[in-house]
Each structure stands twice: as structure tokens, then as C-alpha cells.
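Trainee: Here the protein sequences line up with chains A and B, keeping their order. Counting from 6, one number per residue, gives the positions in the first sequence under the working numbering. Counting from 5, one number per residue, gives the positions in the second sequence under the working numbering.
Treat each hint with caution, since some may be false.
[Unchecked claim] Only part of the chain B face toward chain A is listed, based on derived beta-carbon distances under 10 Å:
(1) D6
(2) N10
(3) G14
(4) L16
(5) E17
(6) D20
(7) L22
(8) T34
(9) Q44
(10) Q48
(11) E55
(12) V68
(13) Q84
[Claimed, not checked] List time: in silico EDC-like cross-link candidates among lysine to aspartate or glutamate, alpha-carbon distance up to 16 Å:
(14) A/K100 <-> B/D30
(15) A/K149 <-> B/D30
(16) A/K153 <-> B/D30
(17) B/K99 <-> B/D30
(18) A/K187 <-> A/E312
(19) A/K149 <-> B/E17
(20) A/K77 <-> A/D109
(21) A/K77 <-> A/E35
(22) A/K77 <-> A/D117
(23) A/K61 <-> A/D117
(24) A/K162 <-> A/E307
(25) A/K325 <-> A/E279
(26) A/K153 <-> B/E29
(27) A/K149 <-> A/E132
(28) A/K149 <-> A/D117
By construction, these hints were calculated from the structure, which means they are not laboratory data. All residues carry an ideal CB built from backbone N, CA and C; glycine is no exception.
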Amino acid sequence: MSDDPPGVDLADHSELDFSTVDVTVSPDVEAEITRLLQENGLELDEQINTFVVCRKDGHLVGCAGFDRDVIKDVAVTPGLHGAAISLRLGSEVTKLAAARGYHDLFLYCRPDNAQRFRGWAFYPLVEIPDVIALMENNPVALAKYLEKLSRERHPGKAIGGVVLNANPFTLGHRFLVENAAKGCDWLHVFVVREEAAQFSYADRFRLVTEGLADIRNVTIHQGSKYIISRATFPGYFLKTRATIESSFTGIDLLMFREHIAPALGINRRYVGTEPFDATTNCYNASMKHWLADAPSTAAPIETVVIERLAVDGSPVSASKVRALLSAWDLRAIERLVPSTTLAFLEGQATPARDRKQGGW
Amino acid sequence: MDIVRNAIAGTLESGDVLVKVSPSEDGTLTVHIESEVIKQFGRQIRSTVMETIKALSIGAATVVVSDKGALDCVIKARVQAGLLRGAGATDLNWKVLG
Numbered sequence: 006m007s008d009d010p011p012g013v014d015l016a017d018h019s020e021l022d023f024s025t026v027d028v029t030v031s032p033d034v035e036a037e038i039t040r041l042l043q044e045n046g047l048e049l050d051e052q053i054n055t056f057v058v059c060r061k062d063g064h065l066v067g068c069a070g071f072d073r074d075v076i077k078d079v080a081v082t083p084g085l086h087g088a089a090i091s092l093r094l095g096s097e098v099t100k101l102a103a104a105r106g107y108h109d110l111f112l113y114c115r116p117d118n119a120q121r122f123r124g125w126a127f128y129p130l131v132e133i134p135d136v137i138a139l140m141e142n143n144p145v146a147l148a149k150y151l152e153k154l155s156r157e158r159h160p161g162k163a164i165g166g167v168v169l170n171a172n173p174f175t176l177g178h179r180f181l182v183e184n185a186a187k188g189c190d191w192l193h194v195f196v197v198r199e200e201a202a203q204f205s206y207a208d209r210f211r212l213v214t215e216g217l218a219d220i221r222n223v224t225i226h227q228g229s230k231y232i233i234s235r236a237t238f239p240g241y242f243l244k245t246r247a248t249i250e251s252s253f254t255g256i257d258l259l260m261f262r263e264h265i266a267p268a269l270g271i272n273r274r275y276v277g278t279e280p281f282d283a284t285t286n287c288y289n290a291s292m293k294h295w296l297a298d299a300p301s302t303a304a305p306i307e308t309v310v311i312e313r314l315a316v317d318g319s320p321v322s323a324s325k326v327r328a329l330l331s332a333w334d335l336r337a338i339e340r341l342v343p344s345t346t347l348a349f350l351e352g353q354a355t356p357a358r359d360r361k362q363g364g365w
Numbered sequence: 005m006d007i008v009r010n011a012i013a014g015t016l017e018s019g020d021v022l023v024k025v026s027p028s029e030d031g032t033l034t035v036h037i038e039s040e041v042i043k044q045f046g047r048q049i050r051s052t053v054m055e056t057i058k059a060l061s062i063g064a065a066t067v068v069v070s071d072k073g074a075l076d077c078v079i080k081a082r083v084q085a086g087l088l089r090g091a092g093a094t095d096l097n098w099k100v101l102g
């Protein structure tokens, strides 16, 4: 005779079994995960290869996908939500990520699930109502970053912001910043921190600093995980699809509007026209919407588009400089970059240069 | 003791607590506590956490405590484990830990 309260099967002690799978080599598991995600109104994210899966009696009952420090595609079999599976899953994900060296994690979820992930010790960062929410598990990092930024506040009516990847820094970047700085009392320049570019963050940052040294009303800031990073804008670093989902540009731009801009008093964001890069072009096009028109608790920020600098009738871009570099055409590069960048590029050993100099 | 690396201890399960420890960037001690029973036991949890940090002579660190209703002894053990891992400690002084 059982003492269990009615309706609760305390005899159900079947173990939860957790493991990690790479779905690119396990199509069967991928199919199972896809089904579980669909039951939860989610789609398998193509950027996610690694999943923590939870099985009960062999059946898949929970999954959580991650790409380094970014967690997505978390689902638990409907009906089991009340059970402890979700929290066990959260513990496993946290532990596994920590074992791989990722302690500060980001998480994407549907806004109506955000409360569940508060239980995973994740805190809301930014949200597009009814579409997507971004959370992180470090409750103090953003506040500390913003506090540091706010020490660089400058007085004035027109305070501008511009974000550069500067891969590498060209006369086009210089032109954009120069003109933006003319139009405002103070301009804050951010250098994308993510190490996904041909040139390292340290080199990119140094060349931006050197290339803008003579402009009086500019502060150059270190980038962070909160501004065009793999966490806030995963699509930017893939650039595989011509169009990226606008919800992801929205997350990054709302982060800027709601957190970064208020810390520095930024009320306008500058951007150059983008003739070549479809991802960046899409980002720029959606800027006005997310920074001003979209509903938000933060004040709107004006988007100012500046026509890109052209040399010999052709727009200057970093991608063109990289192409010329791989052909080791320094004479052509010289017309597109400041002397500081040129000096750096001359020191770059590339296969093309070696071929030309080695004469083989 | 100095916190030199990121570390975690504990779980998110009911009756347990997850402790995240990381080095301080600005040389300060930051302690963030969240608990499902913060209204009833918030003060007690905080004093357990702070005493444990103090007993190990930690001056600078970021400590994030996500409590799921753990008993005091569990909180103390998890905070100790997190801090000792974060300090890379191998030589344990059980007098201090007890």
C-alpha cells in the first residue's frame, strides 16, 4: 500500500540521464531535438552544434544548445515543465560551460519563458516583446561596464556614438568619424571587440586610436560583449546569409539604446552607407527602427547616415583593403588608408608578399 | 587569499545553492545574493555568505549566490568550495573551514 499523496507518482524514480552531443555527427539525435524544439514552438538554430540532452527512460525530455558562451534552443517536454528537469538541465549547462572555460553566459529565449530562466540564475538584459529575450547569468557585469563608461561622459547637447570593426582602419572610417565629430559636441567611438576579424582586436584598436589621435572631441572605447558581439549580434560574425533576422539586429540595437547610450548620454548614432556588405547594410537599415521607432523604455536615438568616402569614384572599404593586401598591392592600399595603417600593413607577412619577394 | 580564476560550486536544484566566483576587476568585493526565500531568510543568508568570505580572508572578488532554499551549512560549504576553487587552493586549513 502506497503512502503517496493522490495524483503524485513518487515511485517514479527513473533517473535523468544527461549527456552532450554534437548534432552535426548525430543526425538521429538532431531529428529528436528538432521535434522537441517544435513541441516548444522553437526551431533548431543553425549556429548551434552542441547540445546538452536529458533523457528519461531513453526518451529525450530536455535539451539546451550552446555556442561557446551563448545558450539557445532550450526546451523541455511539455507536461514535464513542473518537474525538476529544467533546473537539472540549467545546472548541467552551467557546469559544462564552466568546464569549457565559459563562466559568464548569455541566453536567448522567448520572452514568455524568461521567468523560467530566472530560476537558472539568468537575468534579463533586453527583450523584443513576443519575439525574443536576451539574458545573462552575471548580474553585475553590465552594471560595472556601464559605470566605467559613464566616467567618460562629456557635457553637450549633441552626443554621438559610432561603432567600428575597423578591420583594418581606413580613410573611410576616418572620414566617417571626422564628419560625425564635426556634427556633435562629443563623439564616442567603440571598437568591436570580438576576435572574429582578420586583424586582432589589439591591432584594430591601436590603429583606430592612432588614426583618430588628432580629433579633439572623440573618446575611443574598448568594445565589450554588450556591443556587436557574438552574444548580442550572432549574425554579424557569420555573414553567410544575405539577410539576417531583424530580431537579432534588434537585440543589439536595443542593448545600445537602453543600456550603453544612456550611460554616456548618447543621443545620435552615426553610420556610413554600406554598398558592399549585405549584413552590415541590413543592420544599418534597421537602425532607425530599433533606435527610434520601436517601443522601448529608453529615449529614442537619432540615426545619422553619412555617405561613404569614395576614392577615384569607388567607395573605400576595409574589405577592399584586405583584398588588395592579399594581392600585396601596397600602392593601391596607400590611397585608401592613413599612414599609420599603411605602416602596420607593410609589416604584415602575407603569402602574397612572400611570393613576390621570394620570387618563386 | 586571492581569487585568481573563475569557479563555480553547487547546483540550481531545490535545497541547494549555486555559487559563482570570479576575480575582481577593480579590486573590490562584490557580493550578489538571490534567493527563493530572500524575504524570510535574506539577512541570515547574507551573514552566512559574508562570514564565510571573511573567514577565508578574501578581499577582492565577485561572488554571485543563487540560492534555492539551501540550509546554512550547505550555503557555507558551497561558498567555501567556490572560493577555494577560485583561489586555486590545494592546501586546505580545516580549522578555518570548520
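Trainee: Decide, hint by hint, whether the structure agrees.
Mentor: Comparing the hints with the structure gives:
Against a cut-off of 10 Å between C-beta atoms, the interface hint on B/D6 is violated, since the closest Cβ of chain A lies about 17 Å away. The beta carbon of B/N10 comes within 4 Å of a beta carbon in chain A, closer than 10 Å, and the hint placing it at the interface holds. Of the supplied interface hints, the one on B/G14 holds, with its beta-carbon coming within about 8 Å of a beta-carbon of chain A, less than 10 Å. Given hint, B/L16 at the interface with chain A, holds; its Cβ is 5 Å from that chain's nearest Cβ, closer than 10 Å.
Against a cut-off of 10 Å between C-beta atoms, the interface hint on B/E17 holds, since the closest Cβ of chain A lies about 5 Å away. Annotation: interface hint on B/D20 holds; nearest CB of chain A at approximately 8 Å, less than 10 Å. For B/L22, the shortest C-beta to C-beta distance to chain A is roughly 6 Å, which falls under 10 Å, so the interface hint holds. A distance limit of 10 Å between C-beta atoms decides the matter here; for B/T34 the minimum to chain A is near 5 Å, and the interface restraint holds.
The closest approach between the C-beta of B/Q44 and any C-beta of chain A is roughly 18 Å, which is over the 10 Å cut-off, so the hint fails. Taken as an interface hint, B/Q48 does not check out: its beta carbon lies about 20 Å from the nearest beta carbon of chain A, beyond 10 Å. Contact between B/E55 and chain A, as hinted, is not supported at the beta carbon level, the nearest pair being about 21 Å apart and thus beyond 10 Å. Residue-level restraint check for B/V68 holds (minimum Cβ-Cβ distance to chain A is 6 Å; threshold 10 Å).
For the restraint placing B/Q84 at the interface with chain A, the shortest Cβ-Cβ distance is roughly 17 Å, beyond the 10 Å limit, so the hint is violated. Restraint check: the Cα-Cα separation between A/K100 and B/D30 comes to about 26 Å, which exceeds 16 Å; the hinted pair is violated. For the suggested pair A/K149 and B/D30, the alpha carbons sit about 9 Å apart, so the restraint of at most 16 Å is met. The suggested pairing of A/K153 with B/D30 holds, with an alpha-carbon distance near 10 Å, which does not exceed 16 Å.
Taken as a hint, the B/K99 and B/D30 pair is broken in the structure, with Cα atoms around 30 Å apart against an allowance of 16 Å. Distance check on the hinted pair: A/K187 and A/E312 sit about 15 Å apart at the alpha-carbon level, within 16 Å; holds. Note on A/K149 and B/E17: the hinted pairing is violated, with a Cα-Cα distance of about 29 Å set against a maximum of 16 Å. Simply put, A/K77 and A/D109 have alpha-carbon atoms about 14 Å apart, close enough for the 16 Å limit, and the pair holds.
Under the criterion of a C-alpha separation no larger than 16 Å, the hint pairing A/K77 with A/E35 is consistent with the structure, at around 15 Å. The straight-line distance between the Cα atoms of A/K77 and A/D117 is roughly 15 Å, inside the 16 Å bound, and the hint therefore holds. Proposed proximity of A/K61 and A/D117 is contradicted: the alpha carbons are some 26 Å apart, above 16 Å. Restraint check: the Cα-Cα separation between A/K162 and A/E307 comes to about 13 Å, which is no more than 16 Å; the hinted pair holds.
A threshold of 16 Å between alpha carbons decides the hint, and for A/K325 with A/E279 the separation of about 13 Å falls inside it, so the pair holds. This hinted pair checks out: A/K153 and B/E29 have alpha carbons roughly 11 Å apart, not beyond 16 Å. Annotation: proposed proximity of A/K149 to A/E132 is violated, straight-line Cα distance about 21 Å (limit 16 Å). Restraint check for A/K149 and A/D117: the C-alpha separation of about 28 Å exceeds 16 Å, so the hint is violated.
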